[in-house]
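Protein chains in written order, with this note's numbering: chain E, 713 to 826; chain A, 575 to 685.
It is worth saying that the hints were derived from the structure and are not from the lab. Every value quoted in this text rests on a predicted model; they were computed, and no experiment measured them. One or more hints might be untrue.
[Stated by the list, open to error] Calculated pairs, PhoX-like style, for lysine-lysine (alpha carbon to alpha carbon, straight line, at most 20 Å):
id, chain 1, residue 1, chain 2, residue 2
1, E, K756, A, K677
2, A, K644, A, K600
3, A, K643, A, K630
4, A, K600, E, K756
5, A, K643, A, K600
6, A, K677, A, K600
[To be verified] Partial selection, computed: residues in chain A whose CB lies under 8 Å from chain E:
id, residue
7, K600
8, G616
9, L617
10, H619
11, L622
12, A656
13, F662
14, A667
15, N670
16, R672
17, L673
18, F675
19, K677
20, G678
[Said to hold, decoys possible] Pairwise CB distance ranges, derived in the manner of DEER restraints:
id, chain 1, residue 1, chain 2, residue 2, range
21, A, K643, E, R727, 41 to 49 Å
22, E, Q729, A, G590, 28 to 36 Å
23, A, R624, E, R726, 43 to 51 Å
24, A, T651, E, G728, 47 to 55 Å
25, A, I684, E, L750, 23 to 31 Å
26, A, T651, E, P773, 40 to 48 Å
27, A, G590, E, S778, 46 to 54 Å
Every residue gets a Cβ at the ideal spot worked out from N, C-alpha and C, and that includes glycine.
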Amino acid sequence: NAGVMQNPRHLVRRRGQEARLRCSPMKGHSHVYWYRQLPEEGLKFMVYLQKENIIDESGMPKERFSAEFPKEGPSILRIQQVVRGDSAAYFCATSGRTRTDTQYFGPGTRLTVL
Amino acid sequence: SQQGEEDPQALSIQEGENATMNCSYKTSINNLQWYRQNSGRGLVHLILIRSNEREKHSGRLRVTLDTSKKSSSLLITASRAADTASYFCATDAGGNNRLAFGKGNQVVVIP
Chain E
713 NAGVMQNPRH LVRRRGQEAR LRCSPMKGHS HVYWYRQLPE EGLKFMVYLQ KENIIDESGM
773 PKERFSAEFP KEGPSILRIQ QVVRGDSAAY FCATSGRTRT DTQYFGPGTR LTVL
Chain A
575 SQQGEEDPQA LSIQEGENAT MNCSYKTSIN NLQWYRQNSG RGLVHLILIR SNEREKHSGR
635 LRVTLDTSKK SSSLLITASR AADTASYFCA TDAGGNNRLA FGKGNQVVVI P
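So that you can see chain E by itself, here it is in the shape it has in the complex (with noise of 0.2 Å):
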C-alpha cells in the first residue's frame, strides 16, 4: 500500500511563474490538509479538502494561492505569480475514512523562488 505521494520534491521557480504541486493521498483516503513549514519552523495548516470539496480553507493567504482536490487524480496546490516568500517546504497529508482519523505525511515538495 503506498504511502502519500508528493511531486515534484524539489520545484525552483522565478519570481512571477506559477508552481504546481500536487498530493495523491493514501489508497482508500479521502481527506486532504495541505501544510507549509518555513524554515526553522513547525507546519502551519493551508487548507483543509474532501473530494471536490473545499472545508477549511482558513489558513490559505487570500491571494494568489488556490486548492482543488477534483474528483479525479491529485490534490493540487496552486500558487501564482510566486514571490520569495513563497520559498518553503509544502506538506499534504491525508487521513481515512474520518476526519478525526490519523494523518499521513507526504516526502513534501521543496518550492524555492528565484
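Based on the hints, put chain A in the right spot on chain E.
What follows is chain A alone, placed relative to chain E:
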C-alpha cells in the same frame, strides 16, 4: 495563536540515554500527536494520545498528557543514533482535525 510549543528546543544526548521533551498548548483538544522529521524529509507519525488518556506507550516511546496543565511529554528511552531528528507535537484544536504544530525539538543522539 500557535498551539503546541515544545520545550526544550534542542537536545544533545549520548546513545543509550533517555530523551524527554515537552509540549504545551492553549485550548481544549480532542487529541495530541507526536511526529518525527528527519532533516529534509517528511513527517512520520509516532503516536496519538486522546484527551481521555493520560499515558501511552509505543515501543521505546512513552507519551503523557495532562489536560489540566495543557501539556504533554514525549520520552524516548535507550536512544539510538537513528533517533536523531526533529520532534513535533501537534494538536487538533483548530477544528476540522486541522493540526497546529509547535516549532519542534531538535534531538541529536551522539553514538
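Let's test the interface hint: is any C-beta of chain E closer than 8 Å to that of L622 of chain A?
Result: holds, 6 Å to nearest chain E Cβ.
Check your understanding: Given G616 of chain A was flagged as interface, is its beta-carbon under 8 Å from a beta-carbon of chain E?
Key -> Status holds, d = 4 Å.
(message) Hint R672 of chain A vs chain E: min CB-CB distance below 8 Å?
(response) For R672 of chain A, the interface hint holds, since the closest Cβ of chain E sits about 4 Å away, which is under 8 Å.
**Prompt:** Should the hint that F662 of chain A touches chain E count as held when the rule is a Cβ pair under 8 Å?
**Reply:** At about 6 Å, which falls below the 8 Å cut-off, the nearest Cβ of chain E leaves the hint on F662 of chain A intact, so it holds.
For the pair supplied as a hint, K600 of chain A and K756 of chain E, confirm whether the alpha-carbon distance does not exceed 20 Å.
holds, 16 Å
Take the C-beta atom of T651 of chain A and the C-beta atom of G728 of chain E, compute their distance, and say whether it sits inside 47 to 55 Å.
-> holds, 51 Å
Measuring from the C-beta of L617 of chain A to each C-beta in chain E, is the shortest one below 8 Å?
This interface hint holds because 4 Å falls under the 8 Å limit.
ask   = At a threshold of 8 Å, is the proposed contact between H619 of chain A and chain E supported by beta-carbon distances?
value = holds, 6 Å
Exercise for the section: Closer than 8 Å between Cβ atoms is the bar; does F675 of chain A clear it against chain E? Give me holds or violated. Expected result: At about 4 Å, which falls below the 8 Å cut-off, the nearest Cβ of chain E leaves the hint on F675 of chain A intact, so it holds.
- Return the status of the interface hint for K600 of chain A: holds when the least beta-carbon distance to chain E is below 8 Å, violated otherwise. Violated, about 14 Å.
- Message: With the threshold set at 20 Å, check whether the alpha-carbon distance from K643 of chain A to K600 of chain A stays at or below it.
- Response: With Cα atoms ~9 Å apart, K643 of chain A and K600 of chain A stay inside 20 Å; holds.
Q) Do the beta carbons of G590 of chain A and S778 of chain E sit within 46 to 54 Å of each other? A) holds, 49 Å
Checked against the numbered hints given earlier, the structure breaks hints 7, 12, 14 and 22 and satisfies all the rest.
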